[in-house]
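Novice: Sequence:
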Amino acid sequence: MSDLEKIHTGIPELDMVLRGGLPKQRIHLIEGRPGSGKTTIGLRFLIDGAEKGETCLYVSLSETVEELCATAASHGWSLERIALREVVPAEVQLGRQQSVLFPSEVELGETIAAITGAVQDIAPTRVVIDSMSELRMVADDPMRYRRQIVALKRFLLRQDCTTLLMDDLTDDPRQYDLQGTVHGVITLEQREREFGAARRRLRVVKMRGAEFQSGWHDFAITAREVYVFPSLIADEHKGERSHGAITSEIPALDGMLGGGLARGTSVLILGPTGVGKSSLALQYANVAAERKEHVAYFAFDESRDTLVERANGLSMRAADAIDKGTIYWERINPSRISPGEFIWKVRRQVEDQGAAVVVIDSLNSYLETMHEEKALMLQMHELLSYLSNQGVLSILIVGQSGLLNDVGDPLDIAFISDTVILMRYFEAEGNVRKAISVVKKRPGRHETSIRELSLTAAGVAVGPALDEFQGVLGGAPRTAAEASGAPAPDTPPPVQHD
Numbered sequence: 001m002s003d004l005e006k007i008h009t010g011i012p013e014l015d016m017v018l019r020g021g022l023p024k025q026r027i028h029l030i031e032g033r034p035g036s037g038k039t040t041i042g043l044r045f046l047i048d049g050a051e052k053g054e055t056c057l058y059v060s061l062s063e064t065v066e067e068l069c070a071t072a073a074s075h076g077w078s079l080e081r082i083a084l085r086e087v088v089p090a091e092v093q094l095g096r097q098q099s100v101l102f103p104s105e106v107e108l109g110e111t112i113a114a115i116t117g118a119v120q121d122i123a124p125t126r127v128v129i130d131s132m133s134e135l136r137m138v139a140d141d142p143m144r145y146r147r148q149i150v151a152l153k154r155f156l157l158r159q160d161c162t163t164l165l166m167d168d169l170t171d172d173p174r175q176y177d178l179q180g181t182v183h184g185v186i187t188l189e190q191r192e193r194e195f196g197a198a199r200r201r202l203r204v205v206k207m208r209g210a211e212f213q214s215g216w217h218d219f220a221i222t223a224r225e226v227y228v229f230p231s232l233i234a235d236e237h238k239g240e241r242s243h244g245a246i247t248s249e250i251p252a253l254d255g256m257l258g259g260g261l262a263r264g265t266s267v268l269i270l271g272p273t274g275v276g277k278s279s280l281a282l283q284y285a286n287v288a289a290e291r292k293e294h295v296a297y298f299a300f301d302e303s304r305d306t307l308v309e310r311a312n313g314l315s316m317r318a319a320d321a322i323d324k325g326t327i328y329w330e331r332i333n334p335s336r337i338s339p340g341e342f343i344w345k346v347r348r349q350v351e352d353q354g355a356a357v358v359v360i361d362s363l364n365s366y367l368e369t370m371h372e373e374k375a376l377m378l379q380m381h382e383l384l385s386y387l388s389n390q391g392v393l394s395i396l397i398v399g400q401s402g403l404l405n406d407v408g409d410p411l412d413i414a415f416i417s418d419t420v421i422l423m424r425y426f427e428a429e430g431n432v433r434k435a436i437s438v439v440k441k442r443p444g445r446h447e448t449s450i451r452e453l454s455l456t457a458a459g460v461a462v463g464p465a466l467d468e469f470q471g472v473l474g475g476a477p478r479t480a481a482e483a484s485g486a487p488a489p490d491t492p493p494p495v496q497h498d
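Numbering (the working numbering), first residue to last: 1 to 498.
Hint data in this document are derived by calculation from the structure and do not stem from the laboratory.
Mixed in with the good hints, there may be bad ones.
[Said to hold, decoys possible] Straight-line C-alpha distance at most 30 Å; calculated DSSO-like pairs for lysine-lysine: (1) Lys345 x Lys324; (2) Lys24 x Lys206; (3) Lys52 x Lys345; (4) Lys6 x Lys345; (5) Lys6 x Lys206; (6) Lys292 x Lys238; (7) Lys24 x Lys6; (8) Lys238 x Lys206; (9) Lys440 x Lys292; (10) Lys52 x Lys238; (11) Lys440 x Lys324; (12) Lys52 x Lys24; (13) Lys206 x Lys324; (14) Lys153 x Lys345; (15) Lys153 x Lys6; (16) Lys238 x Lys345; (17) Lys6 x Lys52; (18) Lys440 x Lys345; (19) Lys292 x Lys345.
Whole structure, please, built from the sequences with the hints as guidance.
Specialist: Take a look at the structure:
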């Protein structure tokens, strides 16, 4: 274990990724393309120090003090307690005076001296230097630049301050690599989607002598704050699993499931549109809420008004539970959210509110709307493992294409769940009816029968087994007699001819 003293960044979730924060009195690099969020993170780091009574300094080589203050104001932050210094590189100053001659004798050392002078004058405990790309513009060659950076590093270490260097990654190929010089490196990335908000990610490339969580982590910059969403490692979150089952209060359905759905497992409800998948999930949510258990319902497809209208039509009191907070309902727009942020929302309901049931309605919208994102299925598998470790019942809804026959599974994800409930339309006696069956249940027994499902004003009802039919799941069943070739009971035997 590392015994380095660490300093908070002002972003609690980033401190989680860093296993406590940045090593104190060290030099760290925040690198990323323009617009990736470096300045905002740097300002948040200094504001956190100022709020703790520390002396903080922001050295800007690219932006004016007015621009920095405007950036802070856009987030509702004040920089009054932070020393702001503009350092204009010598070459830029000469460039303002003469547009033809850029003499090679202009020294990078003059700019470095201006930076060190500002640090000596202020004597800060936290420093941000933004950005190193401006220093590269002044340098004659990579070796000279590196020597000056090493000299700056030694100076800063003697000042007992924690420093963040910002780098725009504008040199290509990278001849002025700073990663080998500093103690820690955090890379920021902004990726544009085909549709919707850009996705921001970060990763810790290195952190000498300190532990950190490797890999990419989504983050977001909002009007008021910076949020980091640490990637989920399910094995690091072990809770006390509750035993017993969560029932639906529908005797026939609970009987099909061997008594109910086990806590700490995941159930996949599959079926075509309109067959009753969301109503069935709402039944479990409503019953759990009536037992004073917290439910988290994340809807990707429908509004709160639509859900409440459905609940009222089925004589459920879900609206009251949502108003009281027993059922936490949130509409998720997958085009505006990253996978990491969604998982973080689920975690907050489990860890902060003690959710016993989590409903995701539907998985199609989550996976298909974000189809350009990679490893979404792996992230979903990790989320289900995490919920299992916490003893939470996970209900996932997946819509299937088609209505009566040729119903397909567009996502092919049944393998990630413990239980699969299959719902179907079928035609009988001139009517379109609904059927339900349990085709998989890892923990415990379950019925293999197919039963009729009805959605009525009194609620969700499950009838007796459809023993008189065969081929119900195909959409166009036949009676058992027709399937065996025997005459139907009310049909006279065919006339025999010699």
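Novice: For each hint given before, does the structure comply? Return the numbers of the non-compliant ones in rising order.
Specialist: Of the numbered hints given earlier, those the structure breaks are 10, 11, 13, 14, listed in rising order.
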